[in-house]
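Peer 1: Position chain B against the provided structure of chain A, taking the given hints into account.
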Amino acid sequence: MAEQKDTGTKTPVDRPQAAKAARGPFKSIWSFFSSLKLTVVLLIILALVSIIGTIVAQDDPMKNMDMLVNIFGQGKAPAVLKLMVALGLTNMYHSWWFVFLLMMLSLNIAICTIERLPRVIHMVMKKQEPLTDATIRNMALRKEMKVKGDMEAVAGNAAAAIKAMGYSPHEYRAEGEIQYFAEKGKFSRLGVYIAHISVLIIFAGALIGSFWGYKGYAQITEGHTIDKIGLTGKPLLLRVGSEMPLPFQVRCDKFQLKLYQGTDMPSAYLSTLTVIDNGNNVLTKTIRVNDPLEYKGIRFFQSSYGISPGEAAMTIRAIAKGPVFSVHDYTLKRGEKTTLEGGNITMTLSDFSPDVVIGPNNQLMGRSDQYRGSAAAILDFSAGGKPIEQAIILSQDPSSQPKNVPFTFSITGYSGPYYTGLQVTHDPGVDIVWLGCTMLVLGILIAFFLFHKRVWVRVVRSEKGQVILTAAGSINKNRSVFEGEFKRFLEKLETRHEKS
Amino acid sequence: MNYELNITFFKIATLTYLFAMVFYLGYLAFRNQAVGKIASGITYLGFLCHTASIGTRWWESYQIGAGMGHVPITNLFESMSLGAWTIVLIYIIVEWRYKNRTFGAFVMPVAFLAMTYIFVAPDVSKDIEPLVPALKSYWLYIHVLTSFLGYAAFAVSFGVSLMYLIINTVRKDSLYGFWTACLGALVVIVLAIIADWATLPDMQGKHMLEATFRNPSTGVQVLSWAGYAVILFLLYVFGIKLKSALGKFQTSSDMLDEVGYKTIAMGFPLLTVGIITGAVWANKAWGTYWGWDPKETWSLITWLVYAAYLHARLTRGWSGGRAAVLSVFGFFSVIFTYLGVNLLLSGLHSYGSTGGQIDKTAIPFLLIFAAFFAVYVGVCWVLDSSSKKSAGNQAVSEK
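Order-wise, the sequence lines are chains A and B.
So the first sequence is numbered by my numbering: it starts at 23 and just counts up by one.
So the second sequence is numbered by my numbering: it starts at 5 and just counts up by one.
For the record, the hints were derived by calculation from the structure and aren't laboratory data.
All figures in this text were calculated on a predicted structure; none of them were measured in a lab.
Backbone N, C-alpha and C fix where the C-beta goes; we use that ideal spot for every residue, glycine too.
Please note: incorrect hints may appear among the correct ones.
[What the hints assert, rightly or not] Derived Cβ-Cβ restraints for the label pairs, each shown as a range:
| hint | chain 1 | residue 1 | chain 2 | residue 2 | range |
| --- | --- | --- | --- | --- | --- |
| 1 | A | 48 | B | 242 | 31 to 39 Å |
| 2 | B | 30 | A | 104 | 57 to 65 Å |
| 3 | B | 185 | A | 392 | 21 to 29 Å |
| 4 | A | 248 | B | 8 | 17 to 25 Å |
| 5 | A | 392 | B | 238 | 53 to 61 Å |
| 6 | B | 67 | A | 421 | 54 to 62 Å |
| 7 | B | 8 | A | 392 | 52 to 60 Å |
| 8 | A | 124 | B | 8 | 48 to 56 Å |
| 9 | A | 300 | B | 59 | 29 to 37 Å |
Excised from the complex, chain A in its bound form:
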C-alpha cells in the first residue's frame, strides 16, 4: 500500500482485511463501497457533473431556449431542450442520477466509517504499552545511549525530562528494566471520522428540510393581516396545495425605506411585523435584510416592497389654460372622481399604472409597481353628466393632453400604503445542517492540525552491567513537526546525563 511519506506509524487505511475475504453478493457490494478508490472517483465525478448545472440554467426554460436558439438555431432548439429536460439537465441537482451519486457517496462514507472506526476506537481506548525489543525497531524516531549512574537515578531524570515536555509519564518496571512513557492527543485520531460523519449529518439535515420544509411568499399591506402564504417550494412528504395556512397570523404595522443621505440608493428596508397567536399580539419585531422574524419555526425574510396596488392613489396636477392662472393637485384612487376647480367639469381617474412601457404596437404595458417617472393615467372628463372625452396622460410625454378641456395635466405623485414582500420558510433540518457544518470544521481542524504523539524512555542494564537508555517517539502524521520536538527532548535528556 502506498503510504504517505510523513506518516509515522503505518495504519492500514485502504483495503481492509474483511474486504479481501469477501464472497457473495452482499459482501462484494460491501467491499465495493468500502473502497477509498471509489471515494476519489465519486468526488471527481461529482465535481465534473456539477459544472453542467452552472451552464444550463436551472428551472428557467425561457433562458435555456434563448441559449439553444443561439447555438442550434430556431429549428432544432425545441428538440434539444426536450432532450435536456429528459436527461434532467434543467433541474440537475434534484435529478435521479445526481441524487443517486450523492447516495453512493453517502454509502461509501458510511461503510468506510463502519469498516474502520471500531479499530480506531480500539486504538484510542487502548492504553499505551511499554516498548519491547520487537516494537522498538518499528519506531521511526529513536536514540540509544549508554549513560553513567544508577538505573533509578537515570530513570528518574528521564521521567522529569518527559514531564518538562508537557507530558505526564506512566511507569513500567520489569526485571532489570524501567520505562517511562507518555502520549498526547490520541483522540485526534478520531478527527477524520468526525469530519466524514458530519457530511452524512449535513445530508440528513438537507433531506429533512426537503421532506417537511417549505418555502413561500407573502405580501402584506401596512395595517393588514395574513393567515396564509403562497408556496414556491413544496415539502416532498406533505400533501399541500399552492397555498399554506399559517398556525398564526402576521400583521404588517409599518414599512420603511431608508436611503443613504443625499442619494436615491436604499440603505435599509424595514418592516415592523406583529405575530398574532390565538388573538393575542405575541411578538413584534422590525425585520430587515439579514435579520428575519422567527416564530414557531417559521421565518419571515424581508424580500421586496411597493405601494399596494389596490389602495394606491395618483396625484394629478391641473394647470388652468385660461386667463386666470391656477394650479391644483388632485389625489385620487382608481375610479374616484372630482370636480375641477373653477368650472363644472368632472374628472374621473379611470385607471393608472405607476410604471409603463410603450409596446411595439403603441399599446401601454404595465412594467412594475414602482413609481419611477414613467407613470400613466387614464382620465375621463364629463360635464353635466355628458362625457366630453378620454385622455391618456404620460409622465414621459407632456404633449399627451386632452383637447377639449381647458387644463394641462401632469402626474406628480403616486402614494398609498406600502406593502412589504416577505419570503417565508420553514426548514426543520437547518439546525442539523449547522451541527454537521460545525462538526465538519472541527473534524478537519483536528485531522490536519492535531496529532497523536507518543514518547518512551526505556532504561535497561546490559549484560556487561552498563546502563542503556533508549528514547523513542512516534506520531501518526506530520513527522517533520515532531522531529523538532523529539530533538529538543533528546537534548533535555542528554543534559541530564553524562554519556559513559
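Peer 2: Same frame as chain A, but now just chain B:
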C-alpha cells in the same frame, strides 16, 4: 472632495509587484543573492503600499459620511484587491518559513495579474459604493475573509506545484507539455494585459484583451493567436532551459511537494469555513442555506477537487507530479469560482457581471477544462492501478 488616496496606493502597489516579479525572474536567471534580496524588499514595500491602500479605502469610506463606511471587501474591485493582498501575505509567510525565494517568480505574477485585471477591466467601478442592504452582515466579512485566505493558500500551492513540475519533468514526459501549456497561457495573459495598458489610453467601456485577442481588426486577432502559438512553441523548446535554471537552485523536490501539500492543508479548512459562513449568511438573508446558484456550485466543485486531492494523497499515496497537477486543476477551479462565475455566468453573486445572459465563450472553456481534467485523472487512474506497487515503493523510499 475625491477620496482617491487608496487608488494612488493601489497603483503604486501594482507597479511595485510588477518590479518584484521582474526581480524574482532575474533572481531565477542570474542566481544572484543580491537580486533576490531586492526582489523580497520590493515585495515587502508593495505589500505595505497595498495594505495602505486597503486601510485608506476603509478610512475614506467613513470620511464620505452618510453611513457609507464599511470594510472594503464588498465589490469586485475591493474583493480582488483583498485577494491579491492575501496571496502576497501567504507568499511572504512561505518565503520566510522555508527560506526560499524561488517561488516568488511564480506567485507574484498571480498577484500582479489580479491587480492589473481589476484596474483595466471594463465596468469595474473603483469608487467606494454604499452597501446594498443584503451585504450588511458580519457573516459576510467572515465569509469573504476566510474564502480569500483559502484561495490565497491555493494560489501559493499552484505556484509551487508548477515549479515542481518544471523541475521534475523532461521533454518526453506528458507532464512537460502540461506545464508549458499552463505557463504559456499565463505569460500570454500577462502580455495581453500589458498590451491593453500600453495601447489603449482609456479603458473605460473597453473589454479586457481588446488590444489583442478581441481587437476589432481581424489581422491583429490572427497575429495575437499566432503570437500565442509562438510563445507556446518557444516555451516548449526552451522550457528545458528554465528547468536547468531552476535546477541550479537545488530546491528540493520533496520540499516543493511538501509545501504544495501543506498550503492545501491550510487552504482546505479555510475554504470549508468560507463555504459554510456563506451558507449561514444566505440563510439569514434569503432563508435558504444552499440554492445551487453558480457561485455556490463552483465553490463546491473547487472543494470537491481539493477533497479528491487530499484523499488521493493521504490514502492512495499520490504525491509528486500527480499531486502537483491536481493542485494546478484545483487552482483553475478557484479562478473560475472567483472570476469566471461573475464574468461569464449569472446568479446571486453577480456583482461583477454585466448582464444576466450566459456568455457563449464560457461553454468551450468549461468543456475543455472538464475534458482535460477527466482525461488526465483517467490516465493517472490507469497508471495508479497498473503500477501501484512501484508507486508505493517510491513513496516509501522517499523517506
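Peer 1: Hint says 54 to 62 Å; check whether the CB-CB distance for residue 67 of chain B and residue 421 of chain A agrees.
Peer 2: 46 Å, violated
Peer 1: A range of 52 to 60 Å was offered for this pair. Does it hold for the Cβ distance of residue 8 of chain B and residue 392 of chain A?
Peer 2: Cβ of residue 8 of chain B to Cβ of residue 392 of chain A: about 34 Å, so the range 52 to 60 Å is violated.
Peer 1: Take the C-beta atom of residue 248 of chain A and the C-beta atom of residue 8 of chain B, compute their distance, and say whether it sits inside 17 to 25 Å.
Peer 2: 49 Å, violated
Peer 1: Range first: 57 to 65 Å. Now tell me if the beta carbons of residue 30 of chain B and residue 104 of chain A are that far apart.
Peer 2: 60 Å, holds
Peer 1: Quick check on a hinted range of 31 to 39 Å for residue 48 of chain A and residue 242 of chain B, using CB atoms only.
Peer 2: 59 Å, violated
Peer 1: CB of residue 124 of chain A to CB of residue 8 of chain B, is that within 48 to 56 Å?
Peer 2: Given about 50 Å between the Cβ atoms, the range holds.
Peer 1: Kindly confirm whether 21 to 29 Å is satisfied by the beta carbon distance between residue 185 of chain B and residue 392 of chain A.
Peer 2: For residue 185 of chain B and residue 392 of chain A the Cβ distance comes to about 51 Å; the hint is violated.
Peer 1: 29 to 37 Å was suggested as the range; check whether the CB atoms of residue 300 of chain A and residue 59 of chain B agree with it.
Peer 2: The hinted range 29 to 37 Å is violated for residue 300 of chain A and residue 59 of chain B, with Cβ atoms some 55 Å apart.
Peer 1: So the hint says 53 to 61 Å: do the beta-carbon atoms of residue 392 of chain A and residue 238 of chain B match that?
Peer 2: Between residue 392 of chain A and residue 238 of chain B, where Cβ atoms are some 57 Å apart, the hint holds.
In this structure, the hints that do not hold are numbers 1, 3, 4, 6, 7 and 9, in rising order.
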